[in-house]
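> Below are the chains, spelled out letter by letter.
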Amino acid sequence: MHQLQKSILTFTRNLFFTMVVLLLTLTVEAQQGGGQSGFGETMRSNGRIWVVIAVMVIILLGLILYLVRLDRKISRIEKDNA
Amino acid sequence: MATAKNYMYKSWWKILSVLLLVYTFVFGLWHKVPELPALQETIRNLYFHVCMWFAMMILFTISVINAIRYLRTLDLRYDIYTRQFAVVAMVFGILGYATGAIWAGYTWADPNTSIYNSFSTIARDPKLIGAAIALLVYFAYLILRDSINDIDRKARVSAVYNIFAYALLFPCIWILPRVMPSLHPGNEGNPALDVKNDISGSMRVVFYPAIIGWTLLGVWIATLKIRLNLLKEKKLLK
Numbered sequence: 001m002h003q004l005q006k007s008i009l010t011f012t013r014n015l016f017f018t019m020v021v022l023l024l025t026l027t028v029e030a031q032q033g034g035g036q037s038g039f040g041e042t043m044r045s046n047g048r049i050w051v052v053i054a055v056m057v058i059i060l061l062g063l064i065l066y067l068v069r070l071d072r073k074i075s076r077i078e079k080d081n082a
Numbered sequence: 083m084a085t086a087k088n089y090m091y092k093s094w095w096k097i098l099s100v101l102l103l104v105y106t107f108v109f110g111l112w113h114k115v116p117e118l119p120a121l122q123e124t125i126r127n128l129y130f131h132v133c134m135w136f137a138m139m140i141l142f143t144i145s146v147i148n149a150i151r152y153l154r155t156l157d158l159r160y161d162i163y164t165r166q167f168a169v170v171a172m173v174f175g176i177l178g179y180a181t182g183a184i185w186a187g188y189t190w191a192d193p194n195t196s197i198y199n200s201f202s203t204i205a206r207d208p209k210l211i212g213a214a215i216a217l218l219v220y221f222a223y224l225i226l227r228d229s230i231n232d233i234d235r236k237a238r239v240s241a242v243y244n245i246f247a248y249a250l251l252f253p254c255i256w257i258l259p260r261v262m263p264s265l266h267p268g269n270e271g272n273p274a275l276d277v278k279n280d281i282s283g284s285m286r287v288v289f290y291p292a293i294i295g296w297t298l299l300g301v302w303i304a305t306l307k308i309r310l311n312l313l314k315e316k317k318l319l320k
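Residue numbers (our numbering), protein chains in the order written: chain A, 1 to 82; chain B, 83 to 320.
Isolated chain B, as found in the complex (with noise of 0.2 Å):
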């Protein structure tokens, strides 16, 4: 078991991450924004439902890291580190999915109709399909991976189609959502990032920091899940 001093130990990043949310919290609230029709002050939700597809790309990001790790090593300890991050990606994914069905549903809903009667053409946006088909894919990981007994097999098969799932998210929320009509901003471009037409300077001010705040917290909770886990499989990894 690695007794090492590494990140997962040390404090100075969680305490930058708390710090950057409650700025993100007060900031994000308190700061002029620029005034767009139909997002109005709903813009600010860029601080909250973004930052959730961020830190889940950046956890999918290190999940698939350590699944490469783990292929060419065979260390159990980087099985651990892989399912962990997939599992804290996938919530951070779940939330970004439901926080993004609220602000469409006041955004994206026709003023004159119900969201209920709305809904057909909301739920038809290729970006959201998208998204679904993604999380999906990462649902099925846990389900195949469970499904194994061996311990090693199990690292094994679930490495490998961690690394099919990671190359899935690139058609499903990348380019999918890009190459097709869509209700979600930045159609023809980035979708949270335009700084020219959607999001004014002083937005990034609080974007930027966000994101990183939000991605450090999911890595600490990352990190405790895989810190128990490898307490539990002690044993295993001597």
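Chain A on its own, in the form it takes in the complex (with noise of 0.2 Å):
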């Protein structure tokens, strides 16, 4: 079971990698296609958007990990107790 869990949390850190990393190719064509705020089109036209979404993105996984400990604690304890 722990060893599921670890190797689940290592594929979801690796597909949101993999999501990153495809995302950054598509930057090029957003740029060229027009009709966006003004504000919109500066973030993503210097790609710094990335900046924003992998600090949220970072606080959520925080925040996630966080949940997955405290998860596996108590079951931990479940597991004493039963």
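For the record, the hints were derived by calculation from the structure and aren't laboratory data.
Any given hint might turn out to be false.
Claimed, not checked - In silico DSBU-like pairs for lysine-lysine, Cα to Cα no more than 30 Å straight-line:
hint	chain 1	residue 1	chain 2	residue 2
1	A	Lys79	B	Lys96
2	B	Lys316	A	Lys79
3	A	Lys79	B	Lys317
4	A	Lys73	B	Lys114
5	B	Lys316	B	Lys236
6	A	Lys79	B	Lys92
7	B	Lys317	A	Lys73
8	A	Lys73	B	Lys96
9	A	Lys79	B	Lys114
10	A	Lys79	B	Lys314
11	B	Lys92	A	Lys73
These two chains come separately, so use the hints to put the complex back together.
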């Protein structure tokens, strides 16, 4: 079970980085598409929206990691009490 | 105590929740959104602010279902379920309220005056008042619960009150804001899913997964608290 959760975590992490790389390559396409508001266009044209996304995703994953650890801890207590 | 491996102990839906939330954060900020006056890029808050309320509503529904289950069976386990789901739903409600306050400050407020001066107009909005009443009714649920010492009576009274509180959600957050003039979108219809006017079809690609992801996260937190309380009350539940 422990191993499984570990491999799932690794998988999730890999998936995330794959998505980031995949989407970074799309940046070029996005620059050509017009019709965005000035603010959004600026955000996208220099690619720095990724800084924001990276920060937000790290916070999210940090909180999730905390939940996973809590979940495991409670599982252990449940096993001891059974 | 329930040792049966029910959904609380499974991990597939927790992983699904994480994947959907990562998807929401990445694509929610990335993909193109329709340009609407006043909203502009803030329309992306749909994936965060609106989802808080959806998650709250679903969690309150789970809570009231367990309240009814408790009243039917008088099994204290369902009382624990009811309480923990209600608390997590309230947390989501508070988050929805707080994020809405920031969003409204930038989109409803008169750009020529400060947010503080526009506050009296914003604060009078029926949707805000309705949501505040609904949350306060649930705060009263906790106060009522903790003021009764007898365990069985506590569970029974609070289960009944939970059903009343749930019934009050409908006039407060579903009906009242629709019949009164409001700054909040969706006055004469659906506040969050108006595909024709508010949301382009492309936004639903992120919006629906976001709702599921946030809701599952709420369920996850609630089940952790439930499991902890089941351990704590082990003697009572035997």
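> Can you give the numbers of the hints that this structure goes against, from lowest to highest?
As far as the earlier hints go, 4 and 9 are violated by this structure, in ascending order.
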